[in-house]
Each structure stands twice: as C-alpha cells, then as structure tokens.
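**Q** Dock chain B against chain A, hints included.
From first to last, the protein sequence lines stand for chains A and B. With the numbering used here, the residue at position 9 of the first sequence is 696, and numbering never jumps. With the numbering used here, the residue at position 165 of the second sequence is 170, and numbering never jumps.
Check the hints yourself; a few may be wrong.
[Claimed, not checked] Across the chosen pairs, the derived CB separations fall in these ranges:
1. B:Ile29 / A:Ile752: 47 to 57 Å
2. A:Tyr728 / B:Pro47: 41 to 51 Å
3. B:Pro47 / A:Ala702: 17 to 27 Å
4. A:Pro747 / B:Phe26: 15 to 25 Å
5. B:Asn291 / A:Met773: 55 to 65 Å
6. B:Val82 / A:Ile701: 46 to 56 Å
7. B:Arg13 / A:Ile701: 51 to 61 Å
8. B:Met40 / A:Met773: 48 to 58 Å
9. A:Ile721 / B:Glu52: 18 to 28 Å
10. B:Gln214 / A:Val758: 41 to 51 Å
11. B:Val262 / A:Lys690: 57 to 67 Å
The set of hints was computed from the structure by calculation and includes no laboratory data. None of these values were measured; they are calculated from a predicted model. Cβ atoms here follow ideal geometry from the backbone N, Cα and C, with glycine treated the same way.
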Amino acid sequence: MNKKAIIIRICADIALFFLIINGWWFLALPLSLICLWSFSYYIEAIVAGIAFDSLFGYMPGMGLIGYSGTVLAVAITIVVYFLKRMMR
Amino acid sequence: MHGKGHSRAILAIFTIGVLVFAAIQYFLPHLFPGMFTSVAAPFWRAEFAVDSGSLRDPSSLLMENESLKRSLIEDGVRLQTIQAIEQENRDLKSLLGRDVDINGSMTFASTSMASSTANTPSKLLPAKKPVKKQTTSTRILAAVLMRPPFVPYDELIIDAGNDLGISAGDHIYAPGDVLIGTVSDVLPSTSKVSLFSSAGQSHEVLIGQSNVPAQAIGRGGGQYGAVLPISVKVSAGDIVISPSLSDRPFGIVTSVVSDTASAFETVLFAPPVDLYQLRWVLIEKNSHE
Numbered sequence: 688m689n690k691k692a693i694i695i696r697i698c699a700d701i702a703l704f705f706l707i708i709n710g711w712w713f714l715a716l717p718l719s720l721i722c723l724w725s726f727s728y729y730i731e732a733i734v735a736g737i738a739f740d741s742l743f744g745y746m747p748g749m750g751l752i753g754y755s756g757t758v759l760a761v762a763i764t765i766v767v768y769f770l771k772r773m774m775r
Numbered sequence: 006m007h008g009k010g011h012s013r014a015i016l017a018i019f020t021i022g023v024l025v026f027a028a029i030q031y032f033l034p035h036l037f038p039g040m041f042t043s044v045a046a047p048f049w050r051a052e053f054a055v056d057s058g059s060l061r062d063p064s065s066l067l068m069e070n071e072s073l074k075r076s077l078i079e080d081g082v083r084l085q086t087i088q089a090i091e092q093e094n095r096d097l098k099s100l101l102g103r104d105v106d107i108n109g110s111m112t113f114a115s116t117s118m119a120s121s122t123a124n125t126p127s128k129l130l131p132a133k134k135p136v137k138k139q140t141t142s143t144r145i146l147a148a149v150l151m152r153p154p155f156v157p158y159d160e161l162i163i164d165a166g167n168d169l170g171i172s173a174g175d176h177i178y179a180p181g182d183v184l185i186g187t188v189s190d191v192l193p194s195t196s197k198v199s200l201f202s203s204a205g206q207s208h209e210v211l212i213g214q215s216n217v218p219a220q221a222i223g224r225g226g227g228q229y230g231a232v233l234p235i236s237v238k239v240s241a242g243d244i245v246i247s248p249s250l251s252d253r254p255f256g257i258v259t260s261v262v263s264d265t266a267s268a269f270e271t272v273l274f275a276p277p278v279d280l281y282q283l284r285w286v287l288i289e290k291n292s293h294e
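The shape of chain A in the complex, shown without the other chains (with noise of 0.2 Å):
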C-alpha cells in the first residue's frame, strides 16, 4: 500500500468515525462498502458497526436488533471478500 493509500484510508476511517458517533448509518454504510471494495482487509467497517451498536443498541430488551450493525458490518464484510476474490 503506498503513501497516498493510506493517507486516505485514514481520512476514510476519520470521517466514518464522524458518521458513527452522530448515527448517520445511512451514510457510513456507503461509505464502509467503498472501502471495503477499495482497500483489502479493512477490518474498520466491523468496528464502525461494533461501534454503533455500542452507542446506539446493546440495550436490554432489544434483542437481536440491537446487534443489527455488528451482523450487517460482518455480512457485508464477508460478501465483499467473496466478491472481490471472484472478480479479480
């Protein structure tokens, strides 16, 4: 990964970071998918969605939906992958 990469990769993570604490899922999944696709192994999606969950969900009562984005993190985390080794 060169310089420029990973320059962005960080500006990816700081502004998906921004997206997380102010509950804007509805653009930090877009954005997780682009990474994803653009960058290999970009474990911060399934920490954005781990992260969500922790701000927003894991409450008593919730059950599973509370969880949502730790699983839709992981599901689309694993899909990419597949995708990508089978496409390139």
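**A** Using the frame of chain A, we list chain B on its own:
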C-alpha cells in the same frame, strides 16, 4: 494450496474474533458501550454546546440574558398573582365547607360540617390526609445528546449516568411534565432512554373526552397508533392519557385515518412535545420502585 490455507487462517481468526466478542458481551456487557461512549461523549457534548449557542457573539448573549431576566421578573409577578388567586380560592372553599390540601387535591369535609355548630372554618374537624401519595423521588435535569430521527433505535442518549445515581427504569419527563420514556441502560456518564413510542411498544390509553379505552402501539419517532371502532367519535386535538403511566396528557390526537370499507379507524397521536427538538429532559430518580 496457498490460497486454501490463507482462507482457513482468515476463517479461524474470524471465528475466534466472534467467540471473543460474544464472551465479552456476555460477561462484560458494558465494556464496549462504556469504551465507545467515553470516546463519543465529548463530541456529543461539544455539538450540544454549539447548538446551545456557546459560540455566539457576547453582545447577543448579553442581550438574551437581559431579555431572560426581564421575562423572569414578569413571570415572578404573574406567579405571585396566581398564588394570591390560589389562596383566595382556598379561602372561599373553606368558607363553603371544603378543605384543600397543599397539593391541590380536594377533600370534602361534609361530616365535620354536619357536626359543626358554627360556620367558622377554624372549628371544622381536621381534614382527611392528602389523597396524593407522597414520593421520595427527585428529578434531575439532563441534556439530550442524541435524539431521533438520526438515532436508529428510537431512543435518546442523555448526559447523566451512574455519576448522578441514575438507574435503569427511571422515568424520563419532557418539559411540561410529559412522561416520554424510561432509562433502559446506564453507562458511567450517559444513559440510553427507551421512548414509549418505540416501535412495537404497547400501552393502555384513554382517548378523547369520553375516555375511550384503547391499546396504543408505538410507531417510532414519538408517534403512536390505536385502532378503534369507526362509531367512536374521536377527532384531531383530543387528549390521550395513559393512567397506568402518568396522570398528565400522554398524547394529542394528530389525525384519524378511516376507511369506509372497514369497521375500524386508526387514531394517530403524538406526545404534546416534539421529540425531534427535545434538548432537556428531567429524570425522576427511583421512580420505578
């Protein structure tokens, strides 16, 4: 072969990660929420401070301060007038043989009137004890750091947690003494509040002047719906109360959706306050005990 081994290694790491995550969530459920909230809370507080006008021009703040002081004086005068009228009202009721407790609930003293030989209120028998139950709960003001619609699970995040002795189940009131939800999770300096309007939550309510009983279902974002027979007369603006939760208005009917082909109509109502613009709430400590 190399690719297969690589995939297995990734799968193993992934499985271990999931197991570690599940174990942490099971044994230390507040570890991740506490950690991430401690990172996010300063940003939320800064955003709240900016929204509250912390970065405004000092002269405009001074002007606003002056205006608020004037308003406070006017309100003080109005309050004194109200208190004088209340006192006059109490005196008049005493003259008519009724006694009023300090909370405003009225107790009839007909037996004392009957046994009384003089009409002077001072000779009446001691009034009954106040009807209202005395509570030891206290209320704490908290800032609303995050609110719907951007918060995805129809909840509020407030700026008070374990540090202020908040506990799960405490009632949350919006300005105007409107009960809107309960504390569902408490973190070191913040708490998550489940709104009564969260999707799927149901509450028994009485709608309109004729107090029609109904089951209100939360629809998210401070909206409720209740299904009633079409013969029941309910219109926009009717008050909805939920006696099991609070004696204050629980909601106000916003619209009634009816279908001529159906024998039922859907009554939509919302709390008297706009949850999307809520900035402060009151937490009633120990209200669930």
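**Q** Each hint: holds or not?
**A** Taking the hints in turn, this is what the structure says about them:
1. Roughly 20 Å separates the CB atoms of Ile29 of chain B and Ile752 of chain A, a value that falls outside the hinted 47 to 57 Å.
2. Checked against the hint of 41 to 51 Å, the C-beta distance between Tyr728 of chain A and Pro47 of chain B comes to roughly 30 Å, which is inconsistent with it.
3. About 18 Å separates the C-beta atoms of Pro47 of chain B and Ala702 of chain A, a value consistent with the hinted range of 17 to 27 Å.
4. Range check, Pro747 of chain A to Phe26 of chain B: about 18 Å between beta-carbon atoms, so the 15 to 25 Å window is met.
5. Range check, Asn291 of chain B to Met773 of chain A: Cβ separation about 58 Å, and the 55 to 65 Å hint holds.
6. The beta-carbon spacing between Val82 of chain B and Ile701 of chain A, approximately 53 Å, falls within the hinted interval of 46 to 56 Å.
7. The hint said 51 to 61 Å for the Cβ distance between Arg13 of chain B and Ile701 of chain A, and at roughly 34 Å that hint is violated.
8. For the pair Met40 of chain B and Met773 of chain A, the beta carbons lie near 36 Å from each other, so the given range of 48 to 58 Å is not met.
9. Here the CB-CB span from Ile721 of chain A to Glu52 of chain B is close to 26 Å, well matched to the stated 18 to 28 Å.
10. The beta-carbon spacing between Gln214 of chain B and Val758 of chain A, approximately 47 Å, falls within the hinted interval of 41 to 51 Å.
11. Between Val262 of chain B and Lys690 of chain A the beta carbons are some 59 Å apart, a value that agrees with the proposed interval 57 to 67 Å.
Comparing the model with each earlier hint shows violations of hints 1, 2, 7 and 8; every other hint is respected.
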